[in-house]
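Q: Chain by chain, the residues:
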Amino acid sequence: MNTRLRHLLGRIFIYAVLTAGAVVMAFPFYWMIATSVKSPQEAQQAAPIWFPERIQPANWRTAWRLGAEGDRPWWGGFAPGRTVTLHLRVEDPGAGRPRARVPKPPAVFSDPRSESTRIRIEPAEGGWKIVLENAGTQRFTTLPLVVWIPKDAGKFRAELPPDAVRSQRGYWRLEWVNVSPGLFGYLFHNYREAWHAAPFARYFFVSFFTAGTQVLGGLIIATMAAFAFARIRFPGREAVFLLFVATMMIPGEVLLIPNYILLAKLGWLDTFYALIVPWLASVFGIFLLRQFFLSLPQDLFDAARIDGASYWGMLWRIAFPLAVPGLVTYGIFAFLGAYNALLWPLIVTQSPEMRTIQVGLQAFIGEAGSDYGQLMAASTMAILPIVLGYFFAQRHFIQGIARSGIK
Amino acid sequence: MRTYAFPGLLALAVFSGLLHLSTQYQIVRAPMGALFLAFALAGPAAAYAAARVLPGGVVTWAGLGLFAAAMAAGVWLPPALDALALVGVFLAYAGSRDRLPERDAAAFWGWVFVWPALALMLIWNIFPSFFALWISLFDRFNFIGESRFVGLLNYEILWRDPLFWRALSNTFWYVVLTVPTGILLGTVVAVLLNERIRGLGLYRTIYFLPYITALTAAAAVWQWIYHPEFGFLNWLLGTPGLDWLHTPDGIFALALAPLGVQLSGFWAGPSVAFTAIMIMTVWHFLGYNVVILLAGLQSIPAQYYEAAELDGAGWWQMQRHITWPLLSPTTFFLAIIGLIGAFQVFTQVYVMTPTGGVLNDTLTVAMYLYNKGFRDSDFSYASALAVTMFVIILVLTLIQRRVLERRVTYEH
Numbered sequence: 014m015n016t017r018l019r020h021l022l023g024r025i026f027i028y029a030v031l032t033a034g035a036v037v038m039a040f041p042f043y044w045m046i047a048t049s050v051k052s053p054q055e056a057q058q059a060a061p062i063w064f065p066e067r068i069q070p071a072n073w074r075t076a077w078r079l080g081a082e083g084d085r086p087w088w089g090g091f092a093p094g095r096t097v098t099l100h101l102r103v104e105d106p107g108a109g110r111p112r113a114r115v116p117k118p119p120a121v122f123s124d125p126r127s128e129s130t131r132i133r134i135e136p137a138e139g140g141w142k143i144v145l146e147n148a149g150t151q152r153f154t155t156l157p158l159v160v161w162i163p164k165d166a167g168k169f170r171a172e173l174p175p176d177a178v179r180s181q182r183g184y185w186r187l188e189w190v191n192v193s194p195g196l197f198g199y200l201f202h203n204y205r206e207a208w209h210a211a212p213f214a215r216y217f218f219v220s221f222f223t224a225g226t227q228v229l230g231g232l233i234i235a236t237m238a239a240f241a242f243a244r245i246r247f248p249g250r251e252a253v254f255l256l257f258v259a260t261m262m263i264p265g266e267v268l269l270i271p272n273y274i275l276l277a278k279l280g281w282l283d284t285f286y287a288l289i290v291p292w293l294a295s296v297f298g299i300f301l302l303r304q305f306f307l308s309l310p311q312d313l314f315d316a317a318r319i320d321g322a323s324y325w326g327m328l329w330r331i332a333f334p335l336a337v338p339g340l341v342t343y344g345i346f347a348f349l350g351a352y353n354a355l356l357w358p359l360i361v362t363q364s365p366e367m368r369t370i371q372v373g374l375q376a377f378i379g380e381a382g383s384d385y386g387q388l389m390a391a392s393t394m395a396i397l398p399i400v401l402g403y404f405f406a407q408r409h410f411i412q413g414i415a416r417s418g419i420k
Numbered sequence: 116m117r118t119y120a121f122p123g124l125l126a127l128a129v130f131s132g133l134l135h136l137s138t139q140y141q142i143v144r145a146p147m148g149a150l151f152l153a154f155a156l157a158g159p160a161a162a163y164a165a166a167r168v169l170p171g172g173v174v175t176w177a178g179l180g181l182f183a184a185a186m187a188a189g190v191w192l193p194p195a196l197d198a199l200a201l202v203g204v205f206l207a208y209a210g211s212r213d214r215l216p217e218r219d220a221a222a223f224w225g226w227v228f229v230w231p232a233l234a235l236m237l238i239w240n241i242f243p244s245f246f247a248l249w250i251s252l253f254d255r256f257n258f259i260g261e262s263r264f265v266g267l268l269n270y271e272i273l274w275r276d277p278l279f280w281r282a283l284s285n286t287f288w289y290v291v292l293t294v295p296t297g298i299l300l301g302t303v304v305a306v307l308l309n310e311r312i313r314g315l316g317l318y319r320t321i322y323f324l325p326y327i328t329a330l331t332a333a334a335a336v337w338q339w340i341y342h343p344e345f346g347f348l349n350w351l352l353g354t355p356g357l358d359w360l361h362t363p364d365g366i367f368a369l370a371l372a373p374l375g376v377q378l379s380g381f382w383a384g385p386s387v388a389f390t391a392i393m394i395m396t397v398w399h400f401l402g403y404n405v406v407i408l409l410a411g412l413q414s415i416p417a418q419y420y421e422a423a424e425l426d427g428a429g430w431w432q433m434q435r436h437i438t439w440p441l442l443s444p445t446t447f448f449l450a451i452i453g454l455i456g457a458f459q460v461f462t463q464v465y466v467m468t469p470t471g472g473v474l475n476d477t478l479t480v481a482m483y484l485y486n487k488g489f490r491d492s493d494f495s496y497a498s499a500l501a502v503t504m505f506v507i508i509l510v511l512t513l514i515q516r517r518v519l520e521r522r523v524t525y526e527h
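The listed protein sequences correspond, in order, to chains S and U.
Residues in the first sequence are numbered consecutively from 14, following our numbering.
Residues in the second sequence are numbered consecutively from 116, following our numbering.
Chain U on its own, in the form it takes in the complex (with noise of 0.2 angstroms):
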C-alpha cells in the first residue's frame, strides 16, 4: 500500500508547489489556481476527521456548508485552505498506511474516492444551479453595474416578452418535427438493417458518420448545400435563387395557401429556414438513432419471429407485433433524450444563422439565452430564461413519462 501512497502525494504536493510557482511568476494567468487542490485535499481530511470522531459525517457536512457560504459570498480564503491541504495531506497519509479498523477504513476510502467528483459537482453544477435561480431574482446582474433584489420581475416581464414566445414556439416546433422523424426514420433504418444483409458494415458507417462529425462543420457544410446561387440544393430542386436559410414564411401556410387557407403566427409553423435547419439535424442525428435501435433489435430474442413465422404471419404483421412493441423501451429512451437535446438545440442554428434569422424566425430558447446573457450582458434575465427552461423540460419529461411510459413494453 504505501508504495503507491507516498509516491502519488508527493506528487500531489510537488504538483502543488509547482502551480504556486507558476501563479507566483504569472506563467499561468490563475491566481486562484492552487484552489482545486487544496480543496481537493480538504475534503478527505474532513472525511477522515468525520469518519474517525463524529458519527454521521458532521464535520464533513459543517465544511462543506462553510465552504459554500463562503462561495456564495464571493469570500475567498487561500491561505487557510492551503493549511488545511497541508493537514489534509498528512492525515491522508496517515489513513492510507491502513492502520485503520475495517469499518472506518470503508469509511476513509469510500470519501477519498467520492471527494473529487463530489467537490467538482459541487462547484460546477450543484451550487451553480441554486445561484441561477438566485440571480434570477435581480434586477440587470453584471460585472458592471449595482444591482438590487427584484424578486420575481425577470419572470414577469420574460412572460410578456414576444421574443421569448417566439423563440418558445421555435423550440417546440422543431422538437415536434426533429424528435419522432428521427426516430421513425431511425427505426426504419434499423430494422432494414438487421434483416441480415450484405455490407451491414459498410452502411452502418455511412449513417453514422454524421453523429460523429462536429454540428460546427456539419452546418457549415449544409449552409453551402442550401446556398442561395450556387447551393446543391436549389440545382437539384431546380429552384435557382431560393435562399433557403432567409426565408420567414411558415411551411404550413406555404403548403395550405394554395388550398385558400390561411395561417399566421405560431400556427403557420416553422419558416422554410428553420426546417432547412431541422433537415440538417436529422441527417446529424439518424446514425445515433439507428446504432441504439440496432441495439434493441438485436436484444429481442429470435424465437419470437420463428414462433411468428410458424404460425404464418407475414413480415409486416411480424414487424408491428413483435419488433414494435419490444422496442418500445429504446423509443422511449430515445424520445426522452431526444426531447431534452432538442430543447437546448443552439451550435447548428448559431452557425447556419448566426443573427437568429430574418425576423428571429430561427431563434430559439438556448440562442435567445446567449443573446441576452452574452451579448447584452443580463445576466439575470439570461438566469431566468434558463430556470423557465429547466422547468419546461423537467415537466415535459414527467408528461412524457406518464403518457408514454404505460405503453412500453419492458418484459421480454
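The shape of chain S in the complex, shown without the other chains (with noise of 0.2 angstroms):
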C-alpha cells in the first residue's frame, strides 16, 4: 500500500471516529429541543418522531395567520370580536357535518371563553371551515379546540394539525391546544407553558443574582488575597497559607450539616445570604489569580512602590488590570459553579421565592409528571443562558478550562 492511500485511509478513520462521537455527543440536546416542541401525543409514540409538527415551516404560516385573525401574529390570542377560520379537508363532505367544541378546563363549573365563543361549521371548498368568533369581552391568550369528524367522511386533513387525534366511537376526535397561536406562540408553546407553570422568572433572578454577587464579590476577594500571598513580605503569610491549601483536602460534604447549622443559628436560612457568602472565597480562584501575579516582574512592583504608590494602588491599578485573563477564568468557574449547582440550594432553601433555576428544574421534573414537552422545554431554558454565554466567549472557556489543569 502506498504512503498516500494509506494516509488518506488514517484521515478517514479519524473523521468517521470524531464525526460518530460527535453525533453521540450531540444527540441529547437534540433530543431535548425537539420533544420541547412536541406535543404530548407526538412524544408519545413508539416509534421516533425525529421532525415535529411544530418545526415544520409549512404550518408557520398558517400559525401566523391564525394568530393575526385572533390578536397578534406572533403570539396569537383571542381578542373581542376577531373571528378565527379554519379550514378543514375532507374526503367525503357528505358524511355528515362536524361537531366542534371549545373545552372548558376540567372541573370548572363556568368558563368565559368557552361560553362568549361562538362557533359556526360552513361548508367549504373540499370540506368545512370552522368559524370562532369571540363573541364576549374578554381577550383570551389561547384558543382551545376539540372537533368531531364523522368516520365515514374518510381521510381529514387540518389546515393546522391537530395536538392529539383519538378515535371516539363513529367519530375522530381532534384535539388542538391553541388555534390562535401566531407563529411563536406555535412553536414555543411548551416553553409558554412551563413558563407559566412555575415561576421560572423568579428562578432565573435568584439563580443570576446568586451567581453573579458570588462573582463580583469573590473576584475582589481572591485578587486581594493572591496579591497578599504572592506580592507582600508579612508576618504569618506562610502560616495562612498553608492554612488554605489543608482546606483545599475538605470535600464539601462535611461542610455541609455544620454549615447548615451556622447559617440556621444566623436566621439566614432561605435568604440570599445562605445561598451567597458561605461560597464568596474561593481557595481555587486565589491559586490561580497569585500564578498569575507571580508571573508578573518584581521589578515592576518595586518601582511603583519607590515611586510612592501604596500597596492598595499597587493592587488595583498594576496587579488587577494585568491578570484579567485569570480574573476572566475565576468568573467563569464562579458563575457556572453557583449556576449549576443543586445540592447546596436544595437544602438551604424551603420557599418557592428562593429556589434557583436547578432547584425549580428539580421541582418542575417532579410536577410536570409525564408532559415530556414542557419538562425538556423547562431544561432547555435552564441550560440556555450557559450555553449562549459559551458562544459569546468561547475562547474564554475553553482557555479558562485548559487552564485550570496546568499546575
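Heads up, some of the hints might be wrong.
Straight line, CA to CA, 25 angstroms or less: simulated SDA-like cross-link-like pairs of lysine to any residue [said to hold, decoys possible]: (1) S:K278 x U:R263; (2) S:K278 x U:S262; (3) S:K278 x U:W249; (4) S:K278 x U:L248; (5) S:K278 x U:R435; (6) S:K278 x U:S492; (7) S:K278 x U:G353; (8) S:K278 x U:L252; (9) S:K278 x U:L237; (10) S:K278 x U:L412; (11) S:K278 x U:P216; (12) S:K278 x U:I327; (13) S:K278 x U:R275; (14) S:K278 x U:W239; (15) S:K278 x U:N486; (16) S:K117 x S:W208.
Covered by chain S, per the in silico footprint, the following chain U stretches (three or more residues, Cβ under 8 angstroms) [as the list claims (entries may be wrong)]: (17) 327-333; (18) 431-440.
What follows is a set of in silico ranges between Cβ atoms, one per label pair, in the way DEER data are often shown [what the hints assert, rightly or not]: (19) U:L513 x S:F222: 29 to 35 angstroms; (20) S:F64 x U:I312: 26 to 32 angstroms; (21) U:A422 x S:F405: 28 to 34 angstroms; (22) U:L369 x S:S123: 54 to 60 angstroms.
What the hints contain is simulated information worked out from the structure, not anything from laboratory work.
Ideal Cβ positions, reconstructed from N, Cα and C, are used throughout, including at glycine.
Mind docking these for me? Both chains are given alone in their own frames, and the hints should help you get the complex.
A: Dropping the structure here:
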C-alpha cells in the first residue's frame, strides 16, 4: 500500500470516529429540543418522531395567519370581536357535518372562553370551515378547540395539524391546545406553558443574582488575597497560606451539615445570604490569581513602590489590569459552579421564592409528570444562558478550563 | 492614596448603616446581617495592632481564638463587635494614610488584603470541618431534642450499617468504572482532535457542550431517553418496556449469567440503573477531559515526533512511546480530580432516581448523607458519614499518589 493511500485512509478513519462520537454527544441536545416542541401525543410515540409538526415551516404560515386573525401574528391570542377561521379538508363531505367545541378546563363550573365563543361550521371547498368568533368582552391568550369528524368522511386534513387525534365511537376526535397561536405561540407552546406553570422568572432572577454576586464578591476577595500572598511580605503569610492549602483537602460534603447549622443559628436559612456568603472565598480562585501575580516581574512593583505607590494602588492599578485573563477564568468557573449547583441551594432554601433555577427545575421534574414536552422546554430554558454565554466567550471558556488543569 | 481609602471606607460605613436599617425594618430576614461586616473590619484592626505593637501577631491570634471560642459556644456579641468594627474603621483609615514605616505597611496591607478571604475560610471551611468532627461524637444532634456525648458510637453503628456498605460499594463501582472510562475516551478524542483536522472548533464545541450544561437539566433529558415506554434508547436497541432506571440487577451478574456463573452482592457489580447513570455521567464530563488533555497534548514539543518519524516510527508507536508518557502528568491530574469528584456524586443520581433506586441500588455515599442529615434530621450520623468519607478520599488520594505518581513523567 502506498503512503498516500494509507494517509487518506487514516484521515477517513479519524473523521469517521470523531463524527460518530460527535453525533452521540450532540444527540441528547437534539432530542431535548425536538421534544420541547412536541405535543404530548407526538412525544409518546413508540417510534420516535424526528421532525415534530411545530418545527415544519409549512405549518408556520398557518400559525401566523391564525394568530393574526385572533389577535397578533407572533404570539396569537383571541381578542373580543375577532374571528378565527380554520379550514378542514375531508374526503367525503357528504358523510355528515363535523361538530366543534371550545373545551372547558376540567372541573370548572363556568368558563368565559368556552361560553362566549360562537362557533359556526360552514361548507367550504373540499370540506368545511370552522369559524370561531369571540362574542364576549374578554381577551384570551389561547384558544383550545375540539372537533369531531365522522369516520365515514374518510381521510381528513386540518389546516393546522391537531395536537392529538383520538378515536371516539363513530368519530375522530381532533384536539388543538391553541388554534390561534401565532408563529412563536405555535413554536414555543411548551415553553410558554412551562414558564407559566412554575415561577421560572423568579428562579432565573435568584440564580443570576446569586451567581453574579458570588462572582463579583469572589473576584474582589480572591484578588486581594492572591496579591497579598504573591507580592507582600507580611508576618504569618506562610502559615495562612498553608491553612488555605489544607482546606483544599476537605470535601464539600463535610461542610454541608455544620454550615447548615451555622446558617440556621444566624437566621440566614432561605435567604440570599445562605446562597451567596459561604461561597465567596475560593481557594481555587486565590491560587489561580496568585500564579498570575507571581508571573509578573517584581521590578514593576519595586518601581511603583519607590515612586510612592501604596499597596492598595499597586493592587488595583498595576496587578489587577494585568490579571484580567485569570480573572475571566475564575469568573467563568465561579459562575458555572453557582449557576449549575443543586445540592447546596436544595438544602438551604425552602420557599419557592428562593429556589435557584436548578432547584426549580428539579421540583418541576417532579410536578410535570408525563408532560415531557414541557419538561424538555424547561430544561432547555435552564441551560440556555450558559450555552449562549459559551458561544459569546468560547475562547475564554476553553482557555479557562484548560488552564485549570495546569499546575 | 487617600483618594481611594476615604470614599471606600465611607461606602463601607454607609453599607453597614443600611444593613442595620434593613434588619431593623425587617427588609432583610437576617438579624445578624451586620455581623460579617463587623468581623471583616475587626480583622484589619487586630492586624494593625498586632503589626504595630506586638511581635508575631499575638493580638491577631488571640482575637481569632476568642472569636472561634465564642462561635463554638454559640454566643454572639453583636454590640461589642459593632464597636470593634468602628475601631477597625478608624485604624484602617490611619493605616491607609501611609504614615507607617515600610515593614509595618507591608504587615498592615498584607493582613488587610488577606483578611476577608481568611475570615470567610475560617467561618465556612475551617471551623465547620472541626465542628463536623465534634457533632459526629454526639447522639442525634439536631434542633429538636437534647443530645448527649456518645464518643465513637456513631462510627460503630456506621461500621455495622448495611445501607452504608451498600452506598459505599455503589460509589466504589461508580469511581472505578467512570473515571478510567472518561480518561480513556477523552484521550482517544483528544489525540484524534490533535491530528490537525478541519473543523476542530466545531468538534471541540460539540464534545465540550455537555460539560457546561447543568447536571439537573442533563439528567432530566437522559431520564427521558431512558424512559421505559417512549424512551429513545429502547427504540434504538429494540428493547421495548425495559425500565433502565428501575432495574436493580447487577451488570456483571447479568453478563455472566449465560455462562452459568452466579454472582451476588458486591460482585454482581453496579445495577443496570446505576450503569445508566454512569453512562450519562461519562457523557457529561468527557468534554472537560478532552479540553484538559488537548492542552496537555499541545504542550508536547513537535520535535519529538519529528525525530521519531526520522527513525521510522509508526503512528501507533509514537502514541505509545511519546504521547502516552508525556501526557501522564495530565492524566494523573485528571485521575485525582476525577476520583475526588466521583466520590461525591449526588446531583445526577438524585434527579434520575430520587429515592435511591429499587433496593437502594443507586444509593451513593453523598446521597445517603443527604438522606440522613436533611430527611431524617440526624446531623450526628450524617457528620460521621461525612468524616468517614473525608478519610476514605484522603487515603485513596494518598494511595493514588504513591502508586501512580511513580509512573508519571514530568520532564519533557
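Q: Could you check the structure against the hints above and give me the numbers of any it violates, in ascending order?
A: Violated hints (numbers, rising): 5, 7, 10, 11, 12, 13, 18, 19 and 21; every other hint is consistent with the structure.
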